[in-house]
Amino acid sequence: MTDQPIPAGGATPAGGPALVAAPAMPKHRSQWSDVWRQFASHRGALAGMAVFLFIILLCTLGAFIHDVDPQKLDIRAKNQLMSWEHPLGTDNLGRDMLAQIIAGGQVSLAVGVTAMLLSLLVGTLIGVLSGYFRRLDGPLMRFTDLFLALPLLPLLLVIIMLFRDMLRTAFGPESGIFILIVFVIGITSWMQTARIVRGDVLALKEREFVLAAKSIGTPSRRIILRHILPNVLSPIMVSATLGVANAIITESALSFLGLGFPSDFPTWGRLLYDGANFMTLTPDRVIWPGLAISLTVLSVNYIGDGLRDALDPRIRGR
Amino acid sequence: MKATHKLLAGACAAALLAGAAPAQAERGADGQLNIIYWQAVSILNPFLSGGTKDVEGSSLVLEPLARYDETGTMVPWLVDVIPSLENGGVSEDLKSITWKLKPGIKWSDGTDFTAEDVAFTAAYCMDESGGCQQVAAFTDVESVEVIDPLTVKVNFAVAKPFPYGPFVGAQSPIIQKAQFADCMGAKAPECTDANFGPNGTGPYVVSEFKPNDVVVFAPNPHYRDAAKPAFSTVVFKGGGDAAAAARSVLETGEFDYAWNLQVEPEILTQMAAAGKGTVVSAFGTSVERIHTNFSNPDPALGDARSTLEGGKHPFLTDPAVTKALSLAIDREILVEAGYGAAGQVTCNVLPAPEIYNSTNNDWCKTPDVDEANRLLDEAGYEMGSDGVRAKDGVRLSILFQTSTNSVRQGTQALLKQMWQEIGVETELRNISASVFFGGDPSSPDTFQKFYADLEMYTNNFDGTDPEAYMASWRCSEIPSPKTNWLGANMPRFCSEEYDALVAEMAGTAELEKRAELAIKMNDMLMESGAIIPLIHRGGVSAHAVTLEGVKMNEWDSELWNIADWTRAE
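Those protein sequence lines, which keep their order, are chains L and A. The working numbering puts the first residue of the first sequence at 1, with every later residue one more than the last. The working numbering puts the first residue of the second sequence at 1, with every later residue one more than the last.
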């Protein structure tokens, strides 16, 4: 086992000796190609990525191929099963299901990714700070415990009640509620990331290369950015993927409860909720949104699993 | 108390098991009856709860002196005849009514039912510190006198052409004096035993009650008809939603009766095809309507939001706008999508009984988008480049709220599209029914606070006389911080002329004249645009095919004749 920590990651140009030596070697093997090779050897991860990419493509480009207005009501064509005109049938008001799933996917994925980024940002910041600076450790970790103890749904109800009108006037109804939901999911899901990152930072900062950097007088900010962050990238990446899945599920749960976006604004969770009563009449209404949510969450989890293996130098290459 | 009930119920069951010949019409002979109300019962004292579920749950136990049958006709219940001017029961000056109780009626604890109990009930509900929810039934009551143990006289402060407010209908039953004597006024909510297990004259008594979950009833051993009721146990379960309740009766047969099934018609039809149950509906006075907010709901107004002090609404007070909104609606489509046989197009907020139904607003029955557009053009609202009309910088953009229910959300979506065609932008909002109708003055989302431009829900009145109902739109009924947001005048409609009509109706005795006044008030509300009526809704319930005797009643409790319900072989 080469017990060499990843030197500052491939992204930073002034990397460790391995990178400097690389151009001299006959067979070019960059660090990221290693990562990719490891990732590609994880079949589940590869399949997950393919599915996830497909879903993203469907949601972004699908609207150009199947250009039906998801909001258009046609009461004469209600409760239809699959047909050429409506590939996934229609709902009880005659709205096209495929168009709704595409539109709903855009929202659900946007919520998932944005909320994940927010929670990652907060989680990493708090994790690194409390791991690196001993004085901040106690207060920040108690703060994390406090957030862990907060029940999500009641908190959300209060936040929606307090800020809905404010955000609605500032950003309009749909983006207002989007900001609200992303914010709420973000600030209630960063705690796991913070704890994992803190643990890794605690271990890392006692390592020789950090001590060496310290001894030559590198300021803390630079040590964190250069030496610590790249080394905790692997747990951060994993919690990022888990975060996307978590955010999509939370948004679905909220829509399922009738909270969140306006009722004519499709998201996967809402489509599932609205379809539940019609399960026996038009099964398409629950199968497809349900499948979309499950596949996205599952594929993202597999990608996370693969990434963890690929980014860990101790596993990689074995 | 409870122990004796259980014992008696046990005795009944034992008698049953002993296997006497299967006697026809024997008390408790038909086993268990399962009823599901998807809104669970939380208290069995209807005076302390405004909820229909609580009123109907307690109607198995508590009974009024007279009630309405399935046709809306008043029938004597704990009396032999309905007092009237003709039989001398109502005085010539219309200021008093004298009820003669049926002799021999006993409470479920075996004591006699007397006029004292009736007088006590009035005192209980009229106690100002008691917070009685049914106090509207006792409007203008001056005193209730006991003449003799079987005669009671109600005196009114003013001439009452319709003196059947107190003690008539499920919302005004009689409670036992002996049980509630210590529960007057502020102590009313503290009497948990009495509120959770009232003694009654009805066919059943409470044997077990878990608030917000389940009530178990046993036959009343002292019920006046020895052959009734037919069931030895009634399990009255709460919880779930309308679709689940419908399924439990129509498809799985777990329950025998389910109430208030506001479910899309195609789902009900499909469930009913399973053949385990029958869907029943009846039309009363329920109207699904949109209330227009005449006050300004702008959040920038802070505490003055949606109050008259905050100023009038930027565009909804213009009758041209509300008329255009109403004209753009194709009500037939709303009926087809959400109600089916349980809905009829209506243009009035007061569609029944027939004599009160106005025909002056029938223009709304034929949707006319062109006419609506013309009205808005004429009123100066010009179509903008974004497809939304505006006048002097005020865009016709509407926030439209209602309670969470898939039929209502469907209706909202349809309305949004219909209004889009006349250049009105709509934002939809739905709020959980328990919050929306909860009346919590600290919540911003209640239907009384009305922090939106339009709101949609159903309302109705009990019985057949619309006087109290039409009085809801008086100026004094406007909810505001001063009234702790209580009041029924959601549109904040205020007109001296209307208030005068209300007063005139209260003093008018002739039925034709009263009908004329009611129609006039209805038309005033329609013309001002305070209310946009959509659908005259029937109550929809379902019962198992083996359950006989159900007479769906929209004028009183649906369970009004539960004593006559039996199980078919």
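Just so you know, the hints here were simulated from the structure itself, not pulled from any lab data. Backbone N, C-alpha and C fix where the C-beta goes; we use that ideal spot for every residue, glycine too. Just so you know, not all the hints are guaranteed correct.
[As the list claims (entries may be wrong)] No more than 35 Å apart at the CA atoms, straight line, and that leaves these computed lysine-lysine pairs for DSBU-like: (1) L:K78 with A:K53; (2) A:K551 with L:K78; (3) A:K391 with L:K72; (4) A:K551 with A:K513; (5) A:K551 with A:K482; (6) L:K72 with A:K312; (7) L:K78 with A:K365; (8) A:K210 with L:K72; (9) A:K210 with A:K365; (10) A:K106 with A:K210; (11) A:K391 with A:K53.
[Said to hold, decoys possible] Some chain L residues close to chain A (C-beta under 8 Å, calculated; not the full set): (12) L73; (13) M161; (14) S263; (15) L281; (16) N301.
[What the hints assert, rightly or not] Some chain A residues well away from chain L (every beta-carbon gap over 12 Å; in silico): (17) S129; (18) F400; (19) L428.
Results of checking the hints against the structure:
The hinted pair formed by K78 (chain L) and K53 (chain A) meets the criterion: a straight-line CA distance of about 33 Å does not exceed 35 Å. For the hint linking K551 (chain A) to K78 (chain L), the alpha-carbon distance of about 33 Å falls within 35 Å, and the restraint holds. The suggested pairing of K391 (chain A) with K72 (chain L) holds, with an alpha-carbon distance near 27 Å, which does not exceed 35 Å. Restraint check for K551 (chain A) and K513 (chain A): the C-alpha separation of about 32 Å stays at or below 35 Å, so the hint holds.
Only pairs whose Cα atoms come within 35 Å are accepted, and K551 (chain A) paired with K482 (chain A) is rejected, the gap being roughly 43 Å. Straight-line distance between C-alpha atoms of K72 (chain L) and K312 (chain A) comes to about 34 Å, which keeps the hinted pair within the 35 Å bound. With a C-alpha separation of about 23 Å, the suggested pairing of K78 (chain L) with K365 (chain A) holds against the 35 Å cut-off. Taken as a hint, the K210 (chain A) and K72 (chain L) pair is broken in the structure, with Cα atoms around 46 Å apart against an allowance of 35 Å.
A threshold of 35 Å between alpha carbons decides the hint, and for K210 (chain A) with K365 (chain A) the separation of about 47 Å lies outside it, so the pair is violated. Our distance criterion of 35 Å between C-alpha atoms is met by K106 (chain A) and K210 (chain A), whose separation comes to about 26 Å. A hinted pair counts as satisfied when its Cα atoms are at most 35 Å apart, and K391 (chain A) with K53 (chain A) does not qualify at roughly 46 Å. With a cut of 8 Å, the hint placing L73 (chain L) at the interface with chain A holds, because the nearest CB-to-CB distance is about 5 Å.
For M161 (chain L), the interface hint holds, since its Cβ comes within 8 Å of a Cβ in chain A; the closest pair sits about 6 Å apart. For S263 (chain L), the shortest C-beta to C-beta distance to chain A is roughly 4 Å, which falls under 8 Å, so the interface hint holds. Of the supplied interface hints, the one on L281 (chain L) holds, with its beta-carbon coming within about 6 Å of a beta-carbon of chain A, less than 8 Å. The interface hint given for N301 (chain L) is violated, since its Cβ lies 31 Å from the closest Cβ of chain A, which is over the 8 Å cut-off.
For S129 (chain A), the non-interface assignment is confirmed: its Cβ lies about 31 Å from the closest Cβ of chain L, beyond the 12 Å cut-off. For F400 (chain A), the requirement that its beta carbon stay farther than 12 Å from each beta carbon of chain L is not met, with the minimum near 10 Å. Listed as outside the interface, L428 (chain A) is inconsistent with that label: its C-beta sits roughly 5 Å from the nearest C-beta of chain L, within the 12 Å cut-off.
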